[in-house]
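**Student:** What follows is each chain in one-letter form.
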Amino acid sequence: MTDFNSSKRLKSRYKAEKRFKIYSMSALIIGIMILVTLLSSITISAIPAFTQTSIGLDVQMDDDDIQQFQDDPKEVSWRSIQKSSLY
Amino acid sequence: MLNFYILTLLFLSFASYFFGKKTIQRKTTVNHVPQHSRDTYHGFYLALYLLIPSAILILIWVMISPNIIHSLLEQKIQNTILIEDSSQIGVLRSQVISISEGIINSDNKDILSLVSYYNDISQLSINLILVVSSISSLFLFFYAYRKINTRFNARTKVENIIKNTMIVASLVAILTTIGIVLSLIIETIEFFKIIKVSDFLFGLQWSPQIALREDQVANEGLFGAIPLFLGTILITVIAMCVAVPIGLLSAIYLSEYSNPRIRAIAKPMLEILAGIPTVVYGFFAALTVAPFLRDNGATLGLSLSSESALAAGIVMGIMIIPLISSLSDDVINAVPQSLREGSAALGSTQSETVKKVILPAALPGIVSAILLALSRAIGETMIVVMAAGVAANLTINPFESVTAVTVQIVVLLVGDQEFDSAKTLAAFALGFTLFIITLLLNILSIYIVRKYREQYD
Numbered sequence: 004m005t006d007f008n009s010s011k012r013l014k015s016r017y018k019a020e021k022r023f024k025i026y027s028m029s030a031l032i033i034g035i036m037i038l039v040t041l042l043s044s045i046t047i048s049a050i051p052a053f054t055q056t057s058i059g060l061d062v063q064m065d066d067d068d069i070q071q072f073q074d075d076p077k078e079v080s081w082r083s084i085q086k087s088s089l090y
Numbered sequence: 073m074l075n076f077y078i079l080t081l082l083f084l085s086f087a088s089y090f091f092g093k094k095t096i097q098r099k100t101t102v103n104h105v106p107q108h109s110r111d112t113y114h115g116f117y118l119a120l121y122l123l124i125p126s127a128i129l130i131l132i133w134v135m136i137s138p139n140i141i142h143s144l145l146e147q148k149i150q151n152t153i154l155i156e157d158s159s160q161i162g163v164l165r166s167q168v169i170s171i172s173e174g175i176i177n178s179d180n181k182d183i184l185s186l187v188s189y190y191n192d193i194s195q196l197s198i199n200l201i202l203v204v205s206s207i208s209s210l211f212l213f214f215y216a217y218r219k220i221n222t223r224f225n226a227r228t229k230v231e232n233i234i235k236n237t238m239i240v241a242s243l244v245a246i247l248t249t250i251g252i253v254l255s256l257i258i259e260t261i262e263f264f265k266i267i268k269v270s271d272f273l274f275g276l277q278w279s280p281q282i283a284l285r286e287d288q289v290a291n292e293g294l295f296g297a298i299p300l301f302l303g304t305i306l307i308t309v310i311a312m313c314v315a316v317p318i319g320l321l322s323a324i325y326l327s328e329y330s331n332p333r334i335r336a337i338a339k340p341m342l343e344i345l346a347g348i349p350t351v352v353y354g355f356f357a358a359l360t361v362a363p364f365l366r367d368n369g370a371t372l373g374l375s376l377s378s379e380s381a382l383a384a385g386i387v388m389g390i391m392i393i394p395l396i397s398s399l400s401d402d403v404i405n406a407v408p409q410s411l412r413e414g415s416a417a418l419g420s421t422q423s424e425t426v427k428k429v430i431l432p433a434a435l436p437g438i439v440s441a442i443l444l445a446l447s448r449a450i451g452e453t454m455i456v457v458m459a460a461g462v463a464a465n466l467t468i469n470p471f472e473s474v475t476a477v478t479v480q481i482v483v484l485l486v487g488d489q490e491f492d493s494a495k496t497l498a499a500f501a502l503g504f505t506l507f508i509i510t511l512l513l514n515i516l517s518i519y520i521v522r523k524y525r526e527q528y529d
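Chains as they are written, first to last, in our numbering: chain Y, 4 to 90; chain H, 73 to 529.
Source of the hints: derived by calculation from the structure; they are not laboratory data.
What you are looking at is a predicted structure, and each value in this text was computed from that prediction instead of being measured.
Just so you know, not all the hints are guaranteed correct.
Claimed, not checked - Derived contacts from chain Y toward chain H, CB cut-off under 7 Å, selection only:
no., residue
1, 13
2, 16
3, 20
4, 23
5, 25
6, 26
7, 27
8, 30
9, 34
10, 35
11, 37
12, 41
Unchecked claim - Pairs of lysine-lysine residues, derived as BS3-like cross-links and limited to a Cα-Cα distance of at most 25 Å, are as follows:
no., chain 1, residue 1, chain 2, residue 2
13, H, 495, H, 265
14, H, 427, Y, 18
15, Y, 14, H, 428
16, H, 339, Y, 21
17, H, 93, H, 235
18, H, 339, H, 219
19, H, 427, Y, 14
Claimed, not checked - Pairwise CB distance ranges, derived in the manner of DEER restraints:
no., chain 1, residue 1, chain 2, residue 2, range
20, H, 333, Y, 29, 18 to 28 Å
21, H, 488, Y, 29, 47 to 57 Å
22, H, 488, Y, 55, 30 to 40 Å
Every residue, glycine too, gets a C-beta built ideally from N, C-alpha and C.
Could you build all of it, start to finish, from the sequences and the hints given here?
**Tutor:** Have a look at this one:
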């Protein structure tokens, strides 16, 4: 009757207290996690929009091509030049 | 011409403020009597009496003069040109106005004479308003100028004018609300002339595609709103299942357990969620949450639609977490400290205090917070437009795709519409029903707050 601390009831009450505190703390943590997830997922998807891909290529033109380019730029076979410098 | 007049008027009333101030200062030094109002009030009195009559007259003129000019023009059209079809008059009228504004040209003699008539009466009406308003402004200015005296109660007069201006401003807000509701009601009545009320409220099929031309082969169009409202309710219930536990428990943690340092960081962080635009939530739901749920559902052996109600509901729940948490946080903080101390003195633990004392004491506020969040969720559009489906689907399975009322309103009103077809008018009927539902929820929350308020104080 007098020894309250050892009673089963008090123990279970303290356990309930601990559980409730953990529940409420985890709710707050979940809320903040959601915010972090949301912001990071938006940021991660947004970053590629600020990048640009480009390829630098050394182009080899032989004398015939240069002669033709001076005559008429439209007649140069650009595709074959592009191919030969790519591979 | 009118712009020049308004600018002059503003300048003159600005000048007359200083003029009024000077006048009262001069009279005070002559009379040696204690002054009733301070100098600035006399200045304001003079300026307002110059400005207000013109402002009112010009406002009235702007509202009614186009109608008068149009009806005069229509009469003239009927007199000059014989027209059998009465709908032709409106066409001719807008033609004449367009020619006068220089948008189109014409060499028809009758029409040109009408244009010059229109120009004449427009010019006349502008001259009329300029003369009338300047005369009345001058008249009232001199009336006010003669009143200025040391014993004159200019302050009371100016305060009265300002008070009346505020009344008019609040009336404008109220009238706008009434106008919105009235337009909704009128269009809804039009809709119910075509579709029976019982078909709309209790119909189980929603398929608003109807023939737009008379010779077109199409369905009759089914306007049963039950699937839409069921979809809205399903998504809202999911949202509340997410938002109420997280929002309420974090409010309890913030106000009862956390130390001030954590609170100072965590509370603003949760409130950031309220500041994110709903479009962002929308594509977060459609592009991140929905695929994530679908893929994980597939591993678990569940077949989730990629536009499942679950994704839209969860994200909508996230959106209303801060609404619930910050409102209930305020309410919980408002519970008197003596209740907590009394409960602790009786030997209860902190969680028992929260569950048995604080929550009951804060209940009206919490319930009204939840109901506010609920009506916000029901009316939410962008998330469901982006993340929920469009096809009406009568189901309560959260893994399937459902549509919501707001989605259908968007679908019905996007693009050019004809406002005499049931398809377009259905949007107004849906909007009206939605408005009634959220109105009832708001009334309920006000009632709850009023009934249980200050029970413990």
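**Student:** Against this structure, judge whether each hint is valid.
**Tutor:** Here's how the hints hold up against the structure:
1. Because the closest C-beta pair between residue 13(Y) and chain H is about 9 Å apart, greater than 7 Å, the hint is violated.
2. Hint status for residue 16(Y) relative to chain H: holds, with the closest Cβ pair at about 6 Å, below 7 Å.
3. Against a cut-off of 7 Å between C-beta atoms, the interface hint on residue 20(Y) holds, since the closest Cβ of chain H lies about 4 Å away.
4. Annotation: interface hint on residue 23(Y) holds; nearest CB of chain H at approximately 4 Å, less than 7 Å.
5. Hint status for residue 25(Y): violated, given a least beta-carbon distance of 10 Å to chain H, over 7 Å.
6. Interface hint at residue 26(Y): satisfied, since its Cβ lies 6 Å from the closest Cβ of chain H, which is below the 7 Å cut-off.
7. The beta carbon of residue 27(Y) is positioned within 7 Å of a beta carbon in chain H (closest approach about 4 Å), and the interface hint is therefore held.
8. With 7 Å as the threshold, the beta carbon of residue 30(Y) comes within range of chain H, its nearest partner Cβ sitting at about 3 Å, so the hint holds.
9. A cut of 7 Å between beta carbons decides the hint on residue 34(Y): the least distance to chain H is about 5 Å, and the hint holds.
10. A cut of 7 Å between beta carbons decides the hint on residue 35(Y): the least distance to chain H is about 6 Å, and the hint holds.
11. The restraint placing residue 37(Y) at the interface with chain H holds, with a minimum CB-CB distance near 5 Å, inside the 7 Å limit.
12. Hint status for residue 41(Y) relative to chain H: holds, with the closest Cβ pair at about 6 Å, below 7 Å.
13. Taking the CA atoms of residue 495(H) and residue 265(H), the gap is about 13 Å. The hint holds against a cut of 25 Å.
14. At most 25 Å may separate the alpha-carbon atoms for a hinted pair to count; residue 427(H) and residue 18(Y) meet this at roughly 15 Å.
15. With a C-alpha separation of about 19 Å, the suggested pairing of residue 14(Y) with residue 428(H) holds against the 25 Å cut-off.
16. The straight-line distance between the Cα atoms of residue 339(H) and residue 21(Y) is roughly 22 Å, inside the 25 Å bound, and the hint therefore holds.
17. The suggested pairing of residue 93(H) with residue 235(H) holds, with an alpha-carbon distance near 22 Å, which does not exceed 25 Å.
18. Of the pairs offered as hints, the one joining residue 339(H) and residue 219(H) is violated, with about 58 Å between alpha carbons and a cut-off of 25 Å exceeded.
19. A distance of roughly 18 Å separates the Cα atoms of residue 427(H) and residue 14(Y); the hinted pair therefore holds under the 25 Å criterion.
20. In this structure the supplied range 18 to 28 Å holds for residue 333(H) paired with residue 29(Y), their Cβ-Cβ distance being about 19 Å.
21. Between residue 488(H) and residue 29(Y), the C-beta spacing of about 51 Å keeps the proposed range 47 to 57 Å intact.
22. The supplied range of 30 to 40 Å is met by residue 488(H) and residue 55(Y), whose beta-carbon atoms lie about 38 Å from each other.
Of the numbered hints given earlier, the model fails hints 1, 5, 18; all others are met.
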